[in-house]
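Using the sequences and the accompanying hints, generate a full structural model.
Those protein sequence lines, which keep their order, are chains E and V.
Heads up: the first sequence runs through residues 1 to 387, numbered per our numbering.
Heads up: the second sequence runs through residues 388 to 495, numbered per our numbering.
FYI, nobody ran anything at the bench for these hints, they're computed from the structure.
Beta carbons are placed, not taken as given, at the ideal position from N, Cα and C, and that holds for glycine.
Worth double-checking, as some hints may not be accurate.
Here are the simulated lysine to any residue pairs, SDA-like style, with alpha carbons at most 25 Å apart [to be verified]:
1) V:Lys463 x E:Leu76
2) V:Lys491 x V:Ser395
3) V:Lys399 x E:His36
4) V:Lys454 x E:Ser61
5) V:Lys454 x V:Gln432
6) E:Lys316 x E:Leu264
7) V:Lys422 x E:Glu71
Examples of chain E residues toward chain V, derived with CB under 7 Å [what the hints assert, rightly or not]:
8) Pro81
9) Ile82
10) Glu85
With beta-carbon atoms standing in for the labels, derived distance ranges [unchecked claim]:
11) V:Trp482 x E:Val175: 31 to 37 Å
12) E:Ala74 x V:Arg476: 50 to 56 Å
13) V:Gly469 x E:Arg225: 44 to 50 Å
14) E:Gly19 x V:Gln428: 31 to 37 Å
15) V:Arg445 x E:Gly19: 32 to 38 Å
16) V:Gly469 x E:Gly313: 56 to 62 Å
17) V:Asp450 x E:Val356: 51 to 57 Å
18) V:Ser395 x E:Glu78: 19 to 25 Å
19) V:Arg445 x E:Asn8: 51 to 57 Å
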Amino acid sequence: MNKVITINLGGNAYQLEDGGYDALRAYLETATAQLHGNPDRDEILSDIERAIAEKFRARLSSHKTVVETKEVAAVLAEMGPIEVEPGEAAGAGASGAGTPSGASRQKTAGEERTAGSSGPPRRLYRIQEGAMIAGVCNGIAAYMNVDPTLVRIAFVLLTIFWGTGLIVYVVMAIVVPEARSPEEKAAASGFPATAQEFIRRAKEGYYEAMKGFPDRKARREWSRRFKREMRAHADQWRYNWHSYWARHAPYHPGMGFALPLLSLLQAAATVLLICALISLLATGTVFGLVLSASVPVWVAALLLLIAYGILVGPLKLARRSCYWGLGQSRWAWSFAFFLDAMIWTAVVIALLWLAVHYFPELRDAIRSFPSVAHQAADDIRNWWHGK
Amino acid sequence: MSVNEKFSAIRKGLLEFLVLQIIAAEKVYVADILKQLSTTQFATQEGTLYPLLSRLRREGLLDYEWKESEAGPPRKYYQLTGKGREQLRETLEYWSEINGTVKKLGQK
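See below:
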């Protein structure tokens, strides 16, 4: 009597005898090491896994469900060793497959592959939902798991004092990809369960459970039910994710008009805040309102930000529900989104222009911008070399 | 050293072009290619063929599409690209030149 191990090859479950499993694992680990440095490594490995799966299948029937050790050996002999292509870096195991160091390195290569598929990686994306401009700060906040407002303040401060915030922002807006698919959105905030990950984990349990069924028919029946449940779960999950961003608002045609209006208000508030902050830091007055000497500047700045948050919070919530409501009609959504973006851009540019025109401090700040940026770059370089 | 051993490096080099020639005739998947080669001096194995095919694809000589199979996982069916056909034509020409040289040399 031999122990049996169930494995997943090319998306299907196979049962191998213990010794056969070890042989297969060793073969795949060597293959991984041999293909080290090959740009198509993962693809070749999955080709090979699929080929092995086909050979196993040819040796199985309804009366024989386990691949024996000697059959695994025969299949692997049929496959033959992985040939390293000319001009491609040979793997770590290519020269020293027999030496201890070669063997241990092969093992890490094999483990790397399995480790790569477990646990969702958190990635930096731009997040449009609830974004102010391009979603950069929103994405960073999700990535670092902090409030987006904090990141925005950091960017504004960076811009005002060192001038670098703006450059960094523009570069990131161009370079950082936007989270579009549900999986990307989940990866952006490091949600533990993306739909894919959820299903993958469930599948592991699926193969475990498969072992418990004595005959094919019961197994098939269970498999069918399992898949149906998984699909329902995934749909439910996706739905929850959307409503996480905006409580499901019903569609109303008025939203198409409300959305640009809300944007307009929010843009105006943002520009007001920027101007107020600049004027506060540069001259100690907010739109001609002189602060009393007892109030420190940072307290005033904080108060401004809080006031801004209170003003803009409901606007943002309303915008989100508009997006969600309009999302049910594709055309309305596209149109509103386009209009919204246009208005945002136009208003921000216009107001900034006005601000620059009427606030000489701002003009000076912008004029000194290149030298400030230069200075900041130098500082960073010195700091880097000093390390 | 037997003739068989002496020619192993040459066989290895030629395999690539035989594979291109097999794929040129019809859409095939790896088991078809292996079967056609198995009765020749160029018999080979998956472990050699998959890395070779992936390199040829990267060089833009061939392409593949997925097809469901009646039994088992879906299969990759390979076909030549325009570039692959061109390369094959050039190689065949060159090969017949070499053949001619081999036959001609040493004959008076």
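Straight-line Cα separation of V:Lys491 and V:Ser395 no greater than 25 Å? Distance of about 24 Å is within 25 Å: holds.
Go ahead and decide if the range 19 to 25 Å is satisfied by the Cβ distance of V:Ser395 to E:Glu78. holds, 20 Å
Restraint satisfaction for E:Ile82 [CB to CB of chain V, less than 7 Å]: holds, 5 Å
Just tell me: holds or violated, for the beta carbon distance of E:Gly19 and V:Gln428 against 31 to 37 Å? Given about 35 Å between the Cβ atoms, the range holds.
Verify the proposed pairing of V:Lys454 with E:Ser61, using a straight-line Cα cut of 25 Å. holds, 23 Å
Does the structure keep V:Lys463 and E:Leu76 at a Cα separation of 25 Å or less? Since the Cα atoms of V:Lys463 and E:Leu76 sit roughly 20 Å apart, the hinted pair holds (cutoff 25 Å).
Grab the minimum C-beta distance from E:Glu85 to chain V and call the hint holds if it beats 7 Å, violated otherwise. Holds, about 5 Å.
Holds or violated: 51 to 57 Å for the Cβ distance of V:Arg445 and E:Asn8? violated, 27 Å
Range agreement (Cβ of E:Gly19 with Cβ of V:Arg445, hint 32 to 38 Å): At 36 Å between Cβs, range holds.
Okay, V:Trp482 versus E:Val175 on CB: inside 31 to 37 Å? With Cβ atoms ~49 Å apart, the hint is violated.
Restraint status (C-alpha distance of V:Lys422 to E:Glu71 at most 25 Å): holds, 20 Å
A range of 56 to 62 Å was offered for this pair. Does it hold for the Cβ distance of V:Gly469 and E:Gly313? holds, 59 Å
Of the numbered hints given earlier, the model fails hints 11, 12 and 19; all others are met.
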